[in-house]
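A.B. asks: Here is how the chains run, residue by residue.
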Amino acid sequence: ETGVTQTPRHLVMGMTNKKSLKCEQHLGHNAMYWYKQSAKKPLELMFVYNFKEQTENNSVPSRFSPECPNSSHLFLHLHTLQPEDSALYLCASREVDRANTEAFFGQGTRLTVV
Amino acid sequence: AQSVAQPEDQVNVAEGNPLTVKCTYSVSGNPYLFWYVQYPNRGLQFLLKYITGDNLVKGSYGFEAEFNKSQTSFHLKKPSALVSDSALYFCAVRAIYGQNFVFGPGTRLSVLP
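Each protein sequence line maps, in turn, to chains F and H. Just so you know, we're using the numbering used here here: the first sequence kicks off at 17 and counts up by one. Just so you know, we're using the numbering used here here: the second sequence kicks off at 9 and counts up by one.
Treat the hints with care, as some may be off.
Quick list of the computed label-pair ranges, beta carbon to beta carbon [what the hints assert, rightly or not]:
| hint | chain 1 | residue 1 | chain 2 | residue 2 | range |
| --- | --- | --- | --- | --- | --- |
| 1 | H | N38 | F | E111 | 17 to 23 angstroms |
| 2 | H | N63 | F | V112 | 25 to 31 angstroms |
| 3 | F | S36 | H | S36 | 20 to 26 angstroms |
| 4 | F | N74 | H | P15 | 23 to 29 angstroms |
| 5 | H | S92 | F | H42 | 24 to 30 angstroms |
| 6 | H | L64 | F | R114 | 20 to 26 angstroms |
Now the stretches of chain H that chain F is said to cover, found in silico as 3 or more residues with beta-carbon under 8 angstroms [said to hold, decoys possible]:
| hint | segment |
| --- | --- |
| 7 | 70 to 80 |
| 8 | 90 to 96 |
| 9 | 105 to 114 |
Keep in mind the hints are simulated off the structure, nothing from the lab. Glycine included, every Cβ here is placed at the ideal spot set by N, Cα and C.
The whole structure should be built from the sequences, with the hints applied where relevant.
C.D. replies: Take a look at the structure:
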């Protein structure tokens, strides 16, 4: 356990559904990240939040909508996804007060879009 | 722009033999460098990092990595591989004043009994 919890672990959704992924960290960190991991592709950074403010949106389609209500929680709201959005979605957190810290990752949510 | 290359998709090594997983990077300015491991259906687990100082960094589970600034490399090593080391290994770079971790494509390590 890294202190970063993602739910659900697995999700199957139709292209017209709306669902949300949840990430919670118990480490007192103040930065949170969403990454997408697709088969045979490098991890892709999607969003970064520092102190609840979005600081990075890596040209992510609007069908992915992040929300960070506080420093401990991060959501990824999904709607009208495409089959190519099927991937492992990883959440991570980091303490930004010290520059040299590593990111701690959750177990991921395996998303399948049908 | 930052980038990370891991030139080998797959590394096979016999149990008990030394292993090396290669990583080269490109970043403006001084880098922070990281190695992570991923087991099936799991998230990424931190192994070690280079911040500054000694070029040889020791990490978890007997792993170490050597930073070489002139070759812009950060190769992961272990003197004696275990079957349980079989997993996917990711190298990552972050600029000192940056927020983003840029990951390499990953190298699958198979340790054969």
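A.B. asks: Each hint should be assessed against the structure and marked as holding or not.
C.D. replies: Okay, the hints, checked on the actual structure:
{"no.": "1", "hint": "H:N38 <-> F:E111: 17 to 23 angstroms", "result": "20 angstroms, holds"}
{"no.": "2", "hint": "H:N63 <-> F:V112: 25 to 31 angstroms", "result": "26 angstroms, holds"}
{"no.": "3", "hint": "F:S36 <-> H:S36: 20 to 26 angstroms", "result": "36 angstroms, violated"}
{"no.": "4", "hint": "F:N74 <-> H:P15: 23 to 29 angstroms", "result": "25 angstroms, holds"}
{"no.": "5", "hint": "H:S92 <-> F:H42: 24 to 30 angstroms", "result": "27 angstroms, holds"}
{"no.": "6", "hint": "H:L64 <-> F:R114: 20 to 26 angstroms", "result": "22 angstroms, holds"}
{"no.": "7", "hint": "70 to 80", "result": "violated (count 0)"}
{"no.": "8", "hint": "90 to 96", "result": "violated (count 0)"}
{"no.": "9", "hint": "105 to 114", "result": "holds (count 9)"}
Hint compliance for this structure: hints 3, 7 and 8 are not met, and every other hint is.
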